Amino acid sequence: MRTFSPNADSVAGMDAEQAVRELMEISSQITAAIVFDADGAMLATSSEDPAASARLSAATLELVAAAADLGSEPREVTRVEVELEEGAIFVVREGAHTVAATTGPNPTSGLVVYDLRTCAQAIDAPAPKKRRARKPKEEAS
Amino acid sequence: MRKLIRLAVLTGLAVWAWRRFFRSTGSLERAGISYADGSAVVLDPGSAAFERLASIARTTLRQ
Numbered sequence: 008m009r010t011f012s013p014n015a016d017s018v019a020g021m022d023a024e025q026a027v028r029e030l031m032e033i034s035s036q037i038t039a040a041i042v043f044d045a046d047g048a049m050l051a052t053s054s055e056d057p058a059a060s061a062r063l064s065a066a067t068l069e070l071v072a073a074a075a076d077l078g079s080e081p082r083e084v085t086r087v088e089v090e091l092e093e094g095a096i097f098v099v100r101e102g103a104h105t106v107a108a109t110t111g112p113n114p115t116s117g118l119v120v121y122d123l124r125t126c127a128q129a130i131d132a133p134a135p136k137k138r139r140a141r142k143p144k145e146e147a148s
Numbered sequence: 046m047r048k049l050i051r052l053a054v055l056t057g058l059a060v061w062a063w064r065r066f067f068r069s070t071g072s073l074e075r076a077g078i079s080y081a082d083g084s085a086v087v088l089d090p091g092s093a094a095f096e097r098l099a100s101i102a103r104t105t106l107r108q
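Protein sequence lines, in the order shown, are assigned to chains A and B.
If you read the first sequence in my numbering, its first letter stands for residue 8, the second for the next number, and so on.
If you read the second sequence in my numbering, its first letter stands for residue 46, the second for the next number, and so on.
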């Protein structure tokens, strides 16, 4: 059962590792996830196995490059999803971050994409400003 | 009791017939891409573009 309640204040301004941890918690369908910055550098991964992370990282960048090159001229890709019998890979680019995830067979695509977008937005969003406590007015003497 | 058994058998037959004759038998494999300009494409299995993306995805999913 999904127990996610999108609350902008609670997810805004979190770092990439925290966002990936939260993504893995809220989505039971996602088996692995990875986050990149705008330059394609890996910021965080759900996997503790460096080889698995490297494979997912390479596949993500390769998928985005292949998707961009379809058609007559290269275009900026915002989402790639490949669903196969053995599982699926989703890549979502939102703002300055790209989030990719693998799932098992027959995932609920809409939910997975929504979760990836939420994850990317959480990293992009600026941290909420702390409000200063008002000083009590000094009594005029 | 007989009526109940008959109803259960008929329900089972109906479910089997539905799955046998009406369920889609097509491949569930597919790929989709969205672009920043708002356009999107859905790639069907068998197309060269689908096979290219699928081969990249398979290497990761099978390991």
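Just so you know, these hints were derived from the structure itself, not from any lab.
Keep in mind it's a predicted model, so treat the numbers as computed, not measured.
There could be a bad hint or two in this list.
[Unchecked claim] One-sided and incomplete, this derived list gives chain B residues near chain A with beta-carbon spacing under 8 Å:
| # | residue |
| --- | --- |
| 1 | I78 |
| 2 | D82 |
| 3 | A94 |
Note that CB positions come from ideal geometry on N, CA and C, so glycine has one too.
Going through the hints against the structure:
A least Cβ separation of about 5 Å between I78(B) and chain A falls short of the 8 Å threshold, and the interface hint therefore holds. For D82(B), the shortest C-beta to C-beta distance to chain A is roughly 6 Å, which falls under 8 Å, so the interface hint holds. Because the closest C-beta pair between A94(B) and chain A is about 5 Å apart, less than 8 Å, the hint holds.
Violated hints are absent here; each numbered hint is respected by the structure.
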